[in-house]
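**Student:** Work from the hints to combine the two standalone chains into their complex.
If you want the building blocks of each chain, they are given just below.
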Amino acid sequence: MILLATNWSHVWMVTLLGFSLVFVLLVVLIYVLKLFGVIMRPRVKVEKPSEVHEAVGSPRTDTSESITLTGEATAAIAMALNLYYNGIHDDEGPKQVTIKKVERRYSPWNSKLYGMNNLHRF
Amino acid sequence: MKLVKYLFLALTLVFPFAVNADELIAADTVAGQQVIVEDDFAPDTEVAVVEDNVWTEVTDFFKTMGIVRVFDGKEDSGDWRQLLMLLISFFLLYLAIKKQYEPLLLLPIAFGMLLTNLPGAGMFHSELWSAFLDPDSPAYHSYGAILKEGGLLDVLYIGVKAGVYPCLIFIGVGAMTDFGPLIANPKSLLLGAAAQIGIFLTFLCANALGFTEAQAGSIGIIGGADGPTSIFLTSRLAPELLGPIAIAAYSYMALVPVIQPPIMRALTTKKERAIKMKQLRAVSKTEKIVFPIMVTTIVALILPDAAPLIGCLMLGNLMKECGVVDRLSKTAQNELMNIVVIFLGLSVGATATGASFLNLKTLMILAMGIVAFGCGSAGGVLLAKLMNVFSKEKINPLIGSAGVSAVPMAARVSQQVGQEENPGNFLLMHAMGPNVAGVIGSAVAAGLLLSFLG
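Chain order of the listed sequences is A and B.
If you're matching positions, the first sequence starts at 8 in this note's numbering and goes up one per residue.
If you're matching positions, the second sequence starts at 251 in this note's numbering and goes up one per residue.
Be careful, since some hints might not be right.
[What the hints assert, rightly or not] For each label pair, taking beta carbons as the anchor points, the in silico distance ranges come out as:
1. 84/A to 643/B: 20 to 26 Å
2. 35/A to 371/B: 46 to 52 Å
3. 35/A to 639/B: 20 to 26 Å
4. 412/B to 78/A: 43 to 49 Å
5. 644/B to 31/A: 55 to 61 Å
[To be verified] Calculated Cβ distances over 12 Å to all of chain B for the following chain A residues:
6. 86
7. 87
8. 88
9. 89
10. 90
11. 91
12. 92
13. 93
14. 114
15. 115
16. 116
It is worth saying that the hints were derived from the structure and are not from the lab.
Nothing here was measured: the structure is a model prediction, and the numbers come from that model.
By construction, the Cβ of each residue, glycine as well, lies at the ideal position given by its N, Cα and C atoms.
Okay, chain B solo, but in the shape it has when bound (with noise of 0.2 Å):
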């Protein structure tokens, strides 16, 4: 909070200054001016000229400077909406740092919103991509342009344009997965499957106000609580929408320890809470290896345009699980991750300009992502209840809100929920399954959305 009041303070004191700022421009250029018509007959024009030439350099620096860029009115310079969304930024640095809110991606994410809503700075050119999209423009589908006339995060923000980053972050997170849990108990895909459901009742909500369908996908897909696969789906959909659920997403992966514990208790009896399950059967280590390759085979045939991802997810896992390439799986999991991260983070934060963030739309997208994260929770939840009709070993309906991605926090809950009941109960190992099921089911739905939308 502290952090907060000296921000307010430092703003306050500078805003008044920058109010009058053209004021006192103008004033001190018509004075110069002045001086030299005062002093055109006087010997010394040349010292008046100098004059002249150091005010004129110090109104133009006064013109470049970003806070007097705001208030001047121009249409091409910032405007409020700027300044509030730096107050935005700030906020969720706090987040990111005291809180520890998904600092990893919240915190890049942040500061690339400060950096692209620096008045004047320059860093990102939402107009560029504007004509980028725009097939009557001379730079449609152009990147050259970009490189030619963009800013840094310009730059960077073609990865995103170009569905990179996502996919060198599921080579990352595949080879950070055990895919065991789910090899063990195939069924957790059904899980995983129930848990999407949340995106495409959102799909149907965002239609019914009136997004376009494109957007809509990209705003179900919130649903599946991946980032990644929401990045990816957007940037192909709904590239003006990017911002907006890029946070909500990874807000609502933050939120899940808040967000599902309730969904979960209002769905389920104390008794299904306590249910303890069969441990889970070893797992050899040709199943896992052979895994990945059959998974990547079978979905890539059936559904091409989930290949990317899936692709990706499974050679990262691949790599851990073969167990010949030790320092490619290193490298996935800790250097080529963290500089995606990096990349993504700010590029996406880039992207959430005053103009396209300070809007009802982002409301309307941030109200309709916890429905999406709410539904997908609660469908996970209400299939292992019918799996327990109708299957001899019991399931503890608590591992269905795992089926959300989220990895591993969803699972985490899932435990901790349920040794709220029966401190004895170890369901991590469980709800890993529907877990990891879920980033499959995730992204299988987006590859869905874009054959049916894109």
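For reference, chain A alone in the conformation it holds in the complex (with noise of 0.2 Å):
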């Protein structure tokens, strides 16, 4: 009786329809974020050394071209540039910081000479 009190077309249209729905939808938006992409994706400008060479001592002139930097060689130029940066640290010269001897001076504070123990000596 359940079944046949519910108005089936309706709800299968409600289904098919909305589930077309929510895709047809983000589809749509798919190819709004490719063509996005296309047209704001980070570029860097590098200029040919070759070129570099030839533009000294003559008129400048737009030599740049227009690369794409993976994430693998981002991750790799970081990497290199935080190595380079942070290794320094490890080359000390004589101004050392590293404290590698601990001199033990003496001091009177420690001095068995004048411990309470030895007090029976005099």
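**Tutor:** Okay, here's the thing in structure tokens:
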């Protein structure tokens, strides 16, 4: 009876149309985002070395090339820079900051000569 | 377990007293009257009257006690179902505190449930809200009547009824979400869309089980695994089911690490689970700023019913990404979010009264919720497999299951299951794409259901 009471044509319509529309709307967004990515992808301008040499002494022209850095390349460059700048600290020169030897200087405060236990000697 | 033992002990001690309370009160009242009758001709009549007044006060006080109300048999008082609901609220509090299942929401929900089921406390009046929805009632759509006659939880519930809290929470969610992985890999949106199949399949099932279409839509949205969206849609379509649906939605979200892995393993081969994906491209700040503006405009122009949820989500994200309103972004992520979570949790828990919660429908909703969730996860995985057939760049199908919202839990599950096969495989960022796409997808699905069934 419950099954008969339900307006199944409407239920199926909502199900199929609803799910299709979710897909359609998100597919529209995919294409918009792809277009968006093409337009706004971050680009780094690097001058070609050969052209840099040629440019010396001659009037400067726009010889730059547009390249796209991948994630791996960016990570590798960041790693190299990090190693370079942070690695400097390990090459300690004459002004060494690392304590390598602790000298034990004489102090009367821990001397056995002045300890209470030695009083019996007097 | 100790806590539960102590609670049982306390209730066992109090029950016999409560059962006999009426008889005691009646006996005391009669005794008081007898004193007056016997002492009618006594010189100190005033003393007897004072004594009678004292007894009346004591009797009245006993009658107002919640535990007495449970057993007085009156319709407007409590009944055994309220006590059972109190026990359920204790259990949920245990899950929130001890097991830490979504404690931020489960704790206020459970405490709201506790408050609303305290007999005589009068903090929430479901009859007022029934009158609010009844066109023949003088209080029909009258918030004034609620403010005048309602309790604390009634007043807080106005925010749910008006659809304010879920939208405010979405501002906070947006401010905490990074859409970068989605912008870098727009195909993720397809997985987010596929995971919404759970919503529509459950909508069909619920109709077959005798729920109305509006109720079925509200039950189906559990498959989106998005608490605020579930609450938003249910408060509009089937407010009478708000309690069970909110609890089902949040419980299953907490159980993502339990529900999803078996489905993911069953639908994929070892080789598929070990697929390594290409690293995502870098996304510029401009892209991140334009994205929320663009999505809001496109979605709202096509589907205006989804505008409140999507608009608020994207507003929060824009505040985070633009970098010029840092204070607003931090407020949305912390203070605003926390305050609204307290209000939302308490008022949603308040709707779980004994009469509305303890019935067969609730069990059916809980059962269908898990079906919705499972179908959604499976839908994402299967579409990812299908995409692998046509695409050159292979996708790890495990990221498909993250298409149900549950941010970021579902993405973490993809990462964990992926690393079981290949410890060097890092799927988290790839899974975040479908994960945030799922948030957009479920909000769109909610908007569609609202426009069809509202």
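**Student:** Each hint should be assessed against the structure and marked as holding or not.
**Tutor:** Tested hints:
no. : hint                      : verdict
1   : 84/A to 643/B: 20 to 26 Å : holds, 24 Å
2   : 35/A to 371/B: 46 to 52 Å : holds, 51 Å
3   : 35/A to 639/B: 20 to 26 Å : holds, 23 Å
4   : 412/B to 78/A: 43 to 49 Å : holds, 45 Å
5   : 644/B to 31/A: 55 to 61 Å : violated, 26 Å
6   : 86                        : holds, 14 Å
7   : 87                        : holds, 17 Å
8   : 88                        : holds, 16 Å
9   : 89                        : holds, 17 Å
10  : 90                        : holds, 20 Å
11  : 91                        : holds, 21 Å
12  : 92                        : holds, 21 Å
13  : 93                        : holds, 23 Å
14  : 114                       : holds, 54 Å
15  : 115                       : holds, 58 Å
16  : 116                       : holds, 53 Å
Checked against the numbered hints above, the structure breaks only hint 5 and satisfies the rest.
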